[in-house]
Amino acid sequence: MPRRTDIEKIMLIGSGPIVIGQACEFDYSGTQACQVLLEEGFEVVLVNSNPATIMTDPAFATRTYVEPLDVPTVSAIIERERPDALLPTLGGQTALNLATELKEAGVLDRYEVQLIGADYDAIQRAEERELFRDAIDRIGLRVPRSDLAKSVKEACQKLEKLTLPIIIRPSFTLGGHGGGVAHDLDSFCSIVEDGVSASPIGQVLLEESVMGWQEFELEVMRDRADNVVIVCSIENIDPMGVHTGDSITVAPAQTLTDVQYQRLRDASLDIIREIGVETGGSNIQFAVNPDTEEIVVIEMNPRVSRSSALASKATGFPIAKIAARLAVGYTLDEIPNDITRKTPACFEPTIDYVVVKTPRWAFEKFPRVDAVLTTHMKSVGENMAVGRTFKEAFMKSMRSRELDVEMDDAAGTEEMLAAISTPSAERYDLIFELLRRGTDVADIEAATSINPWFLGEFEQIIAREQRLRGRQLADYD
Amino acid sequence: MRGYRIGKGVTPVYKAVDTCAAEFEAETPYFYSCYDRENEAVRSGRDKVIILGSGPNRIGQGIEFDYCCVHAVMTSREMGYEAIMVNCNPETVSTDYNISDRLYFEPLTLEDVLNLVENEQPRGVIVQFGGQTPLKIAEGLEQAGVPILGTPQDAIDLAEDRGRFGEVLRKLEIAHPPYGTARSRDEALKIAARIGYPLLVRPSYVLGGRAMEIVYNREDLDRYIQDAVQASHEHPILLDKFLEDAMEIDVDAVCDGEQVYIGAVMQHIEEAGVHSGDSACVIPAYSVPEELLQQVKQHTQDLALELGVIGLINIQYAIKDDEVFVLEANPRGSRTVPYVSKSTGVPLAKVATRVILGEKLSSMDLPSEPAHPHFTVKEAVLPFSRLPGADTTLGPEMKSTGEVMGIATSFPAAFAKAQGAAGQTLPTSGTMFMSICDADKTQAVELGKRLRDLGFRIVATSGTAEALEEAGVPADPVRKFTEGKPHVVDMILVGKIDGVINTPRGRGARADGYEIRRATLRTGIPCITTMAGAEAAVSAIEAMGEPGIQTHNLQELHGNHTRSS
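First to last, the sequence lines map onto chains A and B.
Quick note: the first sequence uses my numbering, first residue 1, plus one each step.
Quick note: the second sequence uses my numbering, first residue 1, plus one each step.
Keep in mind the hints are simulated off the structure, nothing from the lab.
Computed from a predicted structure; not experimentally measured.
Some hints could be false.
Each computed SDA-like pair below joins lysine to any residue, with the alpha-carbon atoms no more than 25 Å apart [said to hold, decoys possible]:
1. B:K480 <-> A:D194
2. B:K171 <-> B:D302
3. A:K150 <-> B:I6
4. B:K496 <-> B:P477
5. A:K391 <-> B:P477
With the sequences and hints as input, model every part of the structure.
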């Protein structure tokens, strides 16, 4: 199916200022989309309040509005520019939420603006927890057991059917903002209260905790002829309970058996179809119980995301660019892969190396802030490294952090073992120090629930380090 | 070690990221290093430049630097060079393999960079666009014989070394706040006695103002030295006289060794003492007297030429009692470069790249003075709502993660837009809470009057309410948090307050305002902590009364100038 000819002018919404949970990955995706749409001969009207972005360079759009991303302002721009379509899936949660609000305020209908990339119903199904749960149920999968609440009182009533620990997630927020994990009634009440006020619709999800399960993500793309490709699998080294943005992640997934991987693949295809993302990319997160191999679906983002930027860089498969082409009518088999230029985008990428991503935090700037990592993202940046082996990629990623704070390694072994049971920015430095001191991998696994395969790799890195320690260059001549 | 390794023939090779595990031939050169056999990154015969990126985003070094790097890459390509990008941040445009001729996805350490420089044999390396990250390794690169393009290492050192920079200022007869460099506690106390409090103290060589603080007395200084020594190892501590209530000015300029092009003079809205990255600022500098503006421009020109800058320079000034002081000069791309470029329509990073690669400003047909048909306000976006427990007071330590810009035909309207874009939409009616330190009470009375004229009810802490009432501005007193319930924090939490103006002074007062600021954060109402910010906000609220929303696009503001350059 070729490019659509019924639309000429497309509005693209950017993600606004860089905040925790929404960083320059959306400048990357938006810049790619703008370039593609201009190349395809469309007029592009871009709105983004962030002047530091590349995408707001005047050359990347026909009309560039550096204006506030709110309904009144964007309505005024729509009235002035009269775009035929609005592409909301490349500007993060901000763009998706704003598109939803514009639809609900009747602005899109009044000016006959079509949503492309993901329609209103698909956005609702992916973002509204109950709708999402029902959709997942329909295809024979399950999400963690959960319930909704709009107040502390209601939440306490719901507690009768759920058992602590419980994860609290406010609806429609970025980076899990306002949520957390409650282990006792007191923290439960206070997190629910914060979550209700953080959610633009005053609602939180109370969810069965799957802490300690392994976390995986798949990047999926679908076109309007219903072709689906899996771009990349990503494994979170930190088990469930740490936001994926705060987790060290690896692509491709390292510890899945082929059978498990095929199950996640099949599930992803079913999910993107059932949610009804007609064209474009989605990120789907799964938790896998390490003992029973049970799978639960955690969430789906019907848009490009931080993980899709990572997947694009990890594989060379430009998700945002392809999503923009799919949104204007092309199908995966019609889009050439711009690295090989011979294969079309319906060829799934294959990688013969390992990629590791490590977050970068800024706790040293905020002395009073609790530096524990939770389901609420706190990192401000990340690095990625590529290597032939996991060990090589991991060590490169560690040295890409550019840390300017040194770890205090004078702590006692017991103290450090206790410290690693709580996820933190220093967790891996502590694990390495423990391994140096000869701590058993099984003890570290018990404290962290990190898959022993990764811990085994770390142990080998330390074993090599210790073989080199204390030797002189002359020893090697 | 490095020499030994190379001597043994142990050098890395580069493999291509090709989407297909080498099953098909890759055409887009995107590489990573490994110690393996076949090198897939075979050097081309073209003239090349390497641009070093800014690594992982952090507070103080974000997307602005990626913007500059991408511009440097695009311009180098336009000029016919093979542009080679090096960065390790997967979120960025610079690591989109379509942007550069070649992309190396590598850590930005000296060793990793030297390895790929050896593989590529470029004409030189550009280090001035990636923030502190490439600058940290520039010296090592130069020592290894790698040509640094643009501002030479010695000029960077000249600007960063206090003693040498002081000499330059003396020679040019440019004023600066009295300062000293202390390597011990005794030395610090001696310097403090010589130049007097308040002092701005910080460790040497940091970006984003880490561990920077204003100290008001000896006690504060003692406490700081204990903490700071930890943060800065054996590096010395820098002490500057802090110019309280001064107005801060930022200038971005490009120098080609002969001529200086001033991108823009920005006026900060918050007073000196708030980190420039956290302060709102406006182009043009609308309330700086013309004579001082000329002085700022002249200083910028003199300094850029004297330091020997080839490329970008950012200079921060403070104006106090009609005197211009230089606070610091950074001979590299700054975080305001993209804002300036979008405000004026002149793409400064591109201009700088041309200069770095040998072109002269005189050949570039730049508008002699950028036209300012509009006011643009840049506002910082702070991460407090995502970091529970964070103290939200602004100070010399940078805390913001991002920024927004508001464009309008007047300063107050642009400020109102910037606040709205930053998620702090100003209230146009309701109740305003004021708690103002004694030094600012006269100004507070004037603002109180204007708020009343706008129809606001005013509630205030007892001292502030008294001052307002005395001047005939009705204000209802309310208890401070520490005075017990019912207090203002509860009022904020139950939604009875629509905006807060709270200007703390000194360490104790700052801690006192912590609960108020936390409450405003929770309810999402604006909390203004400086008098200058309050003045701008009240003017903006007045401007918000005008009907209709004016929108502006950059193409209509700047014509085709930006597109052609």
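Cross-check of the supplied hints:
1. Distance restraint check for K480 of chain B and D194 of chain A: the Cα-Cα separation of roughly 23 Å lies within the 25 Å cut-off, and the hinted pair is therefore satisfied.
2. Straight-line distance between C-alpha atoms of K171 of chain B and D302 of chain B comes to about 10 Å, which keeps the hinted pair within the 25 Å bound.
3. Proximity of K150 of chain A to I6 of chain B is assessed by CA-CA distance (about 65 Å); at most 25 Å being required, the pair is judged violated.
4. For the suggested pair K496 of chain B and P477 of chain B, the alpha carbons sit about 14 Å apart, so the restraint of at most 25 Å is met.
5. For the hint pairing K391 of chain A with P477 of chain B, the CA-to-CA distance comes to about 64 Å; that exceeds 25 Å, so the pair is violated.
This entry does not satisfy hints 3 and 5, going by the numbered hints stated previously.
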